[in-house]
Amino acid sequence: MSNDKISVSTATRMEDASYSRKILAAKIFRITICVILCIISLFPFYLMIINATRYTKDIETGISFIPSGFFIQNWNTLMEKSAGLGTSLWGAILNSAIITFPGTILTLYFSTMTAYGFFAYNFKGRKFLWAFIMAVMMVPGQVTIVGFLRFMQTLGLYDNFLALIIPAIAAPTVVFFMRQYMTGAFSLEIVEAARIDGANEFRIFNTIALPLMKPAIATQAIFAFIASWNNLFTPNMLLASPDKATLPMFVQQMRTEQFTIDYGAIYIGLFITILPLIIVYLFLSKYIVAGVALGGVKD
Amino acid sequence: MATQTVKKHKTIEYGRYGYLFIAPFFIVYLVFQLWPLIYTFILSFQDIYVKYGDEINDGFTLTKNYASVFVANDGTASMAIRTFGNTAIIWIFNFIPQILLSLLLAVWLTDTKVKLKGAGAFKVMVYLPNVITAASISILFFSMFGPNGPLTKLVMDLGWIDNNRFFIDNAAPTRGIISFIQFWMWYGNTTLLLISGVLGINPSIFEASDIDGCTGWQKFIHITLPMLRPIMLYVLVTSLIGGLQMYDIPSLFNVNMNTGRGMPDDASTTVTMYIRFLTKTGNFGRAAAVSVILFLVTLILSVLFFVFMGDRDKKAKKKG
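From first to last, the protein sequence lines stand for chains A and B.
Read the first sequence against our numbering and you will find it ends at 300, with the numbers running on by one and no gaps.
Read the second sequence against our numbering and you will find it ends at 374, with the numbers running on by one and no gaps.
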């Protein structure tokens, strides 16, 4: 009897051992793949930073993983070359900020407002209008650009930042997200209590609904800001004056002939344009990574 | 029941405020998005072009713009058709590896038996490329794979290629690198979406399958994949719509900066790049016609996917 028991327990132990060895092998294999993927994700940025510190002639001779001492010199070359572009690096950052900050604020305020309108009130045609928002959510802006461009020319808004800022008021995907969030985290009883206290509807929205929506607004703010900051296609179509270039349009200039021979200056230019986003990402990555999953569960 | 009617009554009483709250959105949407869309349709039937620097509008034309979009003068495939082909090729070679790798990673990162430490840091790192300005990323890759680029040099030193301009003088490597950049930028995003999908599956289903002695592969094929179908459909449709509008990466990777057309020989010109080229050269009618076709293709493909997948869902339910 006792002999049997022993043999059984040894067998399970041996099974356990081979099982945990299997797990360990799988773990090592998976971690290796994940580490390789991380390296692939970061490598181009690493190479960019290293090359930003190297002498152009050295960069042309081959790859290196050790920084060199030409950072300042490359920086000066970049400043010299970009002086002839019409928009300086700082000007481009300023232009991008002038478009992105008001645009993001408009998107968030009016999207929350629209979502609140659908959430808190019952009016005729509500279902139809909501279905309309759902239907147009997937229509990409690029397909309307020709009509938009011609229309802006008629309105006199071609080559004007307003043509890039005002449309931010209507962002169907953000409205959709906001309403979803409201359904889960917002109770109409607070609104009714405020009404009894005599607050008017817009005051209720501004002082009660908006603060309650802070977490959702913060998440959407990050994504709206990044999308607008990185946008190349729309400003490229709508802006013409050399002094109105946004940051991505400034970056675009680095592909022109003025720069093609000077890799050091190109790498440092890319480094400077990417740096603010990397810093923002370092601080907000937790929220961004969590926000991606939130935005995705749409059904 | 009684309280419900009271509540309903109250919301209706305040209902008119609802219009005020949604009015700004709808006004701006109608003026700045819906009207431009309709106007694009109208423009696609207008014979507008630029001749000797002057814009000429020859008025209404039913077929001229569309005919020139579909048929080239010399009988070969028209530029528009070619750009749709380029876009499709670049998208497919980005999407297939992307969805496969993302599925694998989603399963790995949610596996409770083989727990991976540092999964959070991993997610943050693979998502990083998605946040960075695509314009900068495109130029970064061009600097690495262009003539005298460090990676071109590396591959030459290994003896795999013998030409400094290998990556930019051939269609396949140029498209391949654009596909890779798209894949590299987006697989982190897809992985995060699929992970949230896997986490949404009721864990008791996996527990039951464990008791039944299912292998990991069986669980993946018979539980994870079918349960992930809605979110995979979402990923597919959004990636497809985004892919059809692909602009930033190809427009700065291997292009003629004077015309904005992809090299070599238009092999990397996408639909939106072509629309921009037509617009900048004053061919508004043709640009509008290409836009309308792009819109219709986008619409048809997404509707097809939803109908197809919806049907399969219904059938599966009937079976069950």
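One thing to keep in mind: the hints can contain errors.
[As the list claims (entries may be wrong)] DEER-style ranges, computed between Cβ atoms: (1) Pro68(A) with Met281(B): 45 to 51 Å; (2) Phe124(B) with Leu156(A): 31 to 37 Å; (3) Leu276(A) with Leu74(B): 41 to 47 Å; (4) Ala262(B) with Pro68(A): 28 to 34 Å.
[Unchecked claim] Keeping only pairs whose Cα atoms sit at most 27 Å apart, straight-line, the calculated DSSO-like set for lysine-lysine is: (5) Lys215(A) with Lys28(A); (6) Lys23(A) with Lys169(B); (7) Lys169(B) with Lys273(B); (8) Lys23(A) with Lys167(B); (9) Lys273(B) with Lys105(B); (10) Lys105(B) with Lys28(A); (11) Lys118(B) with Lys273(B); (12) Lys118(B) with Lys23(A); (13) Lys28(A) with Lys169(B); (14) Lys287(A) with Lys171(B); (15) Lys58(A) with Lys207(B); (16) Lys167(B) with Lys287(A); (17) Lys273(B) with Lys171(B); (18) Lys23(A) with Lys171(B); (19) Lys28(A) with Lys167(B); (20) Lys207(B) with Lys28(A); (21) Lys334(B) with Lys167(B); (22) Lys207(B) with Lys287(A); (23) Lys128(A) with Lys58(A); (24) Lys58(A) with Lys23(A); (25) Lys82(A) with Lys169(B); (26) Lys118(B) with Lys105(B).
Note that these hints are calculated values from the structure, not bench results.
The beta carbon of each residue, even a glycine, is placed where N, CA and C say it ideally should be.
Evaluated hints:
1. The hint said 45 to 51 Å for the Cβ distance between Pro68(A) and Met281(B), and at roughly 48 Å that hint holds.
2. Separation of Phe124(B) from Leu156(A) is about 33 Å and conforms to the stated range, judged on CB atoms against 31 to 37 Å.
3. Between Leu276(A) and Leu74(B) the beta carbons are some 43 Å apart, a value that agrees with the proposed interval 41 to 47 Å.
4. Take Ala262(B) and Pro68(A): their Cβ atoms lie about 56 Å apart, and the range 28 to 34 Å is violated.
5. At roughly 40 Å between alpha-carbon atoms, Lys215(A) and Lys28(A) are farther apart than 27 Å, so this suggested pair is violated.
6. Of the supplied pair hints, the one linking Lys23(A) and Lys169(B) holds, its CA atoms being roughly 13 Å apart against a limit of 27 Å.
7. Proximity of Lys169(B) to Lys273(B) is assessed by CA-CA distance (about 17 Å); at most 27 Å being required, the pair is judged to hold.
8. A threshold of 27 Å between alpha carbons decides the hint, and for Lys23(A) with Lys167(B) the separation of about 11 Å falls inside it, so the pair holds.
9. Simply put, Lys273(B) and Lys105(B) have alpha-carbon atoms about 64 Å apart, too far for the 27 Å limit, and the pair is violated.
10. Taken as a hint, the Lys105(B) and Lys28(A) pair is broken in the structure, with Cα atoms around 66 Å apart against an allowance of 27 Å.
11. For the suggested pair Lys118(B) and Lys273(B), the alpha carbons sit about 56 Å apart, so the restraint of at most 27 Å is broken.
12. Of the pairs offered as hints, the one joining Lys118(B) and Lys23(A) is violated, with about 67 Å between alpha carbons and a cut-off of 27 Å exceeded.
13. Among the hinted pairs, Lys28(A) with Lys169(B) is consistent with the structure: their alpha-carbon atoms are about 8 Å apart, no more than 27 Å.
14. Under the criterion of a C-alpha separation no larger than 27 Å, the hint pairing Lys287(A) with Lys171(B) is consistent with the structure, at around 16 Å.
15. Restraint check: the Cα-Cα separation between Lys58(A) and Lys207(B) comes to about 13 Å, which is no more than 27 Å; the hinted pair holds.
16. Under the criterion of a C-alpha separation no larger than 27 Å, the hint pairing Lys167(B) with Lys287(A) is consistent with the structure, at around 25 Å.
17. Of the supplied pair hints, the one linking Lys273(B) and Lys171(B) holds, its CA atoms being roughly 23 Å apart against a limit of 27 Å.
18. A hinted pair counts as satisfied when its Cα atoms are at most 27 Å apart, and Lys23(A) with Lys171(B) qualifies at roughly 17 Å.
19. With a CA separation close to 10 Å, the supplied pair Lys28(A) and Lys167(B) stays within the 27 Å bound.
20. Restraint check for Lys207(B) and Lys28(A): the C-alpha separation of about 35 Å exceeds 27 Å, so the hint is violated.
21. This hinted pair does not check out: Lys334(B) and Lys167(B) have alpha carbons roughly 57 Å apart, beyond 27 Å.
22. Proposed proximity of Lys207(B) and Lys287(A) is contradicted: the alpha carbons are some 37 Å apart, above 27 Å.
23. Distance check on the hinted pair: Lys128(A) and Lys58(A) sit about 64 Å apart at the alpha-carbon level, beyond 27 Å; violated.
24. Between the alpha carbons of Lys58(A) and Lys23(A) the distance comes to roughly 51 Å, so the proposed pair goes past 27 Å and is violated.
25. Between the alpha carbons of Lys82(A) and Lys169(B) the distance comes to roughly 51 Å, so the proposed pair goes past 27 Å and is violated.
26. The suggested pairing of Lys118(B) with Lys105(B) holds, with an alpha-carbon distance near 17 Å, which does not exceed 27 Å.
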